[in-house]
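*Asks:* Here are the chains, one letter per residue:
Number of protein chains: 2
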Amino acid sequence: MPESPIRKLVPYAEAAKSRGVHVYHLNIGQPDIKTPQIALDAVKNNSIEVLAYSRTEGSEDYRRKIAGYYAKLGIELNPAEILVTTGGSEALSFAMGSIADFGDEIIIPEPFYANYNGFATAMGVTVVPIVSRIEENFALPPIEEFEKLISPKTRAILICNPGNPTGYLYSEEEITKLAKLVRKHDIFLIADEVYREFTYDGKTHHSILHYPEIKDQALVVDSVSKRYSMCGARIGCLISRNKEVIQTALKFAQARLSPPTYAQIASEAALDTPQSYFTEVKREYVDRRDLIIRELEQIEGVKVARPQGAFYCIAELPVEDADVFAQWLLESFNHMGETVMVAPAAGFYASPGLGKNQIRIAYVLEKDSLIKAVSILKEGLKQYNKR
Amino acid sequence: MPESPIRKLVPYAEAAKSRGVHVYHLNIGQPDIKTPQIALDAVKNNSIEVLAYSRTEGSEDYRRKIAGYYAKLGIELNPAEILVTTGGSEALSFAMGSIADFGDEIIIPEPFYANYNGFATAMGVTVVPIVSRIEENFALPPIEEFEKLISPKTRAILICNPGNPTGYLYSEEEITKLAKLVRKHDIFLIADEVYREFTYDGKTHHSILHYPEIKDQALVVDSVSKRYSMCGARIGCLISRNKEVIQTALKFAQARLSPPTYAQIASEAALDTPQSYFTEVKREYVDRRDLIIRELEQIEGVKVARPQGAFYCIAELPVEDADVFAQWLLESFNHMGETVMVAPAAGFYASPGLGKNQIRIAYVLEKDSLIKAVSILKEGLKQYNKR
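Chains as they are written, first to last, in the numbering used here: chain A, 1 to 387; chain B, 388 to 774.
Heads up, some of the hints might be wrong.
[Stated by the list, open to error] Listed below are the simulated DSBU-like cross-link pairs for lysine-lysine, each with C-alpha atoms no more than 30 Å apart in a straight line:
{"#": "1", "chain 1": "A", "residue 1": "Lys251", "chain 2": "B", "residue 2": "Lys590"}
{"#": "2", "chain 1": "A", "residue 1": "Lys243", "chain 2": "A", "residue 2": "Lys153"}
{"#": "3", "chain 1": "A", "residue 1": "Lys17", "chain 2": "B", "residue 2": "Lys571"}
{"#": "4", "chain 1": "A", "residue 1": "Lys65", "chain 2": "B", "residue 2": "Lys759"}
{"#": "5", "chain 1": "B", "residue 1": "Lys431", "chain 2": "A", "residue 2": "Lys153"}
{"#": "6", "chain 1": "A", "residue 1": "Lys8", "chain 2": "B", "residue 2": "Lys638"}
{"#": "7", "chain 1": "A", "residue 1": "Lys215", "chain 2": "B", "residue 2": "Lys395"}
{"#": "8", "chain 1": "B", "residue 1": "Lys452", "chain 2": "A", "residue 2": "Lys34"}
{"#": "9", "chain 1": "B", "residue 1": "Lys404", "chain 2": "A", "residue 2": "Lys65"}
{"#": "10", "chain 1": "A", "residue 1": "Lys251", "chain 2": "B", "residue 2": "Lys452"}
{"#": "11", "chain 1": "A", "residue 1": "Lys44", "chain 2": "B", "residue 2": "Lys452"}
{"#": "12", "chain 1": "B", "residue 1": "Lys459", "chain 2": "B", "residue 2": "Lys590"}
{"#": "13", "chain 1": "A", "residue 1": "Lys8", "chain 2": "B", "residue 2": "Lys630"}
{"#": "14", "chain 1": "B", "residue 1": "Lys404", "chain 2": "A", "residue 2": "Lys243"}
{"#": "15", "chain 1": "A", "residue 1": "Lys34", "chain 2": "B", "residue 2": "Lys459"}
{"#": "16", "chain 1": "A", "residue 1": "Lys8", "chain 2": "B", "residue 2": "Lys404"}
{"#": "17", "chain 1": "B", "residue 1": "Lys452", "chain 2": "B", "residue 2": "Lys431"}
{"#": "18", "chain 1": "B", "residue 1": "Lys395", "chain 2": "A", "residue 2": "Lys243"}
{"#": "19", "chain 1": "A", "residue 1": "Lys17", "chain 2": "A", "residue 2": "Lys44"}
{"#": "20", "chain 1": "B", "residue 1": "Lys395", "chain 2": "B", "residue 2": "Lys743"}
[Claimed, not checked] According to the in silico footprint, chain B covers these stretches of chain A (three or more CB under 8 Å from chain B):
{"#": "21", "segment": "36 to 44"}
{"#": "22", "segment": "248 to 261"}
[As the list claims (entries may be wrong)] Computed Cβ-Cβ distance ranges for the label pairs, DEER-style:
{"#": "23", "chain 1": "A", "residue 1": "Lys382", "chain 2": "B", "residue 2": "Lys630", "range": "51 to 59 Å"}
{"#": "24", "chain 1": "A", "residue 1": "Gly103", "chain 2": "B", "residue 2": "Ile530", "range": "31 to 39 Å"}
{"#": "25", "chain 1": "A", "residue 1": "Gly337", "chain 2": "B", "residue 2": "Tyr456", "range": "37 to 45 Å"}
{"#": "26", "chain 1": "A", "residue 1": "Pro352", "chain 2": "B", "residue 2": "His572", "range": "33 to 41 Å"}
{"#": "27", "chain 1": "B", "residue 1": "Asp708", "chain 2": "A", "residue 2": "Ala80", "range": "27 to 35 Å"}
None of these hints come from the bench; they were simulated from the model.
From a predicted model like this one, the values you see are computed outputs, not experimental measurements.
Ideal placement from N, C-alpha and C gives every residue a C-beta, glycine not left out.
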């Protein structure tokens, strides 16, 4: 199993804290946004006496309500096309396990969410990376590049839209191109759409479920974690209109019995969250994004891709190895008793050597802390390059 | 993925219910016992505002309390040797994934908990069954038989103690023999000990963690599901004193981020459940076991193994194919508007053809319902064999 790039610096952060240094966490996508009260209350007011297994596929009521949520997005789904999972993580594992055998390949634009590697390794699937570039804001690589990588072992293309770690939002044109491609080669298209609500600058999210021509090829991974700031619930779902895929995924699901019961109560209630919550949350993320991009761009030698979704951005730093730098920030540096923890981006690339001078920043802190954190990063870069 | 033998009859049960037939469920290990109030209250009284990821390995407090629970059993553990998982299911997956590569083998006495097959398939591990027999109450097969099966690909022996589906409780002598065996061949010993508390007739449970000579080879799978009647929590743990194993398991755990937060709150509180709860629950299960064994033995042609732990038993029926019979019970039979659902035992065997005339019964219903269910089974057998 590969080590998570978000986690490997944790011991250094803990050591820094134990020395009394305050650490700003820009390294992990744990939002500070409050969970909707309606979800918290549903759990507090539960009347469970026997905390029993739920249905393997998730409760009927909850799946019906998820279908209702999708209907509002203009996507018609039958509850039987929705499999409730223990987090988006499990949905991803099930997706890979259901469509690929040992040694099969899945093409993923890099940089990508590092845990895709973990699920792939666990399922015996080989990740074939295709490079997207900071210079192009991490747009979809040319279709010809995908075609060069498609082999008889290719089972799927996997995208994250909007992207973690890139913040890139695929355009309608890009999704249409991908739909054509997977149809042509008769492979699956898996889209991790857990950040769907977080799109900025008036741009719209285009779900692969909007494309009837790939209805048997489209698998969507969803989760309540980021949408409702409920990362600790561990509830997601896998969606596919392909009956065979859902049947196979259900067998994986049966082995682990059921998704967590309390978390399903919270997640079902969360679907009644008023729109005003999202409007506010979105405004907050846009402000944070604008702020962090502005602050980062003011640092000499820093190049940053402008995210249009999710709450991450990739920044290129004037250092040779961001991994070494990130560790140094925790181990050997502090600015008036404070430092910052970032995720070195190399771990989000599968191709060795790529992203070595890049970091991923999660803008999940409030604005004052973000300003503070970036100023510490700036000071860190200055001192680091003076050594 | 193999289909779960507990699940494949579900559509027939649903059809029976939709015809208005009442179905007694002896097929699934979902206890009707109330969850300890202290656990339910902890969740109701939680003060979470942001439902955040917990630590990947489970909260420090919870792991420390688990260590405290083990200390009372005379087993000294360090919290770092405990990895909190999403159910015993995930602990089993992590155990297999951490010690075996694709194509490696794990020897398991059959009949065994059918989902072991699912986890093994998902992890690319080959299950090598070794037969235990109803005539011997499903005691440990002779060590010589194990030795015949050990190959260069063998990575572990996996036992469930007390056993699901057998109810068999391994003796100290049997565990000692296994410990010697795994030491001799330098392989792992995985013990699923989730039913540890449920031992009857004054017999004691012998954990593999009591054997210092296999401290680097012992992996224990544990869970709150049955102990506290909290199947819906989805909290378990993987325990090993082998640092390398725990480090590898932690990488699997990191990929899925964290176990569910609410359920950890319930599980931590559950550890303060007063002993009186277990005394009562155990008395109830003993009564149920005595009752069901007595009732089953009164049916002509039925042979039943006497369980000394957990809450399952395997019964041999005077039918050729218990699978067909179990389906018939749901599809074509009812006794005054009622029928019974059992788990055909063939699905708990990996060797084709074994257990064909056996069923697994979970005695998780209250006594009146158990009596009723067995009398319906008796009537069913009579009518079935008269056809």
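*Asks:* With reference to the structure, classify each hint as holding or not holding.
*Replies:* Comparing the hints with the structure gives:
no.	hint	verdict
1	A:Lys251 x B:Lys590	36 Å, violated
2	A:Lys243 x A:Lys153	22 Å, holds
3	A:Lys17 x B:Lys571	45 Å, violated
4	A:Lys65 x B:Lys759	38 Å, violated
5	B:Lys431 x A:Lys153	50 Å, violated
6	A:Lys8 x B:Lys638	10 Å, holds
7	A:Lys215 x B:Lys395	27 Å, holds
8	B:Lys452 x A:Lys34	29 Å, holds
9	B:Lys404 x A:Lys65	24 Å, holds
10	A:Lys251 x B:Lys452	34 Å, violated
11	A:Lys44 x B:Lys452	24 Å, holds
12	B:Lys459 x B:Lys590	18 Å, holds
13	A:Lys8 x B:Lys630	17 Å, holds
14	B:Lys404 x A:Lys243	25 Å, holds
15	A:Lys34 x B:Lys459	39 Å, violated
16	A:Lys8 x B:Lys404	52 Å, violated
17	B:Lys452 x B:Lys431	20 Å, holds
18	B:Lys395 x A:Lys243	17 Å, holds
19	A:Lys17 x A:Lys44	33 Å, violated
20	B:Lys395 x B:Lys743	15 Å, holds
21	36 to 44	holds (count 4)
22	248 to 261	holds (count 11)
23	A:Lys382 x B:Lys630: 51 to 59 Å	40 Å, violated
24	A:Gly103 x B:Ile530: 31 to 39 Å	36 Å, holds
25	A:Gly337 x B:Tyr456: 37 to 45 Å	39 Å, holds
26	A:Pro352 x B:His572: 33 to 41 Å	38 Å, holds
27	B:Asp708 x A:Ala80: 27 to 35 Å	30 Å, holds
Figure legend: structure checked against the earlier numbered hints; hints not met, in rising order: 1, 3, 4, 5, 10, 15, 16, 19 and 23.
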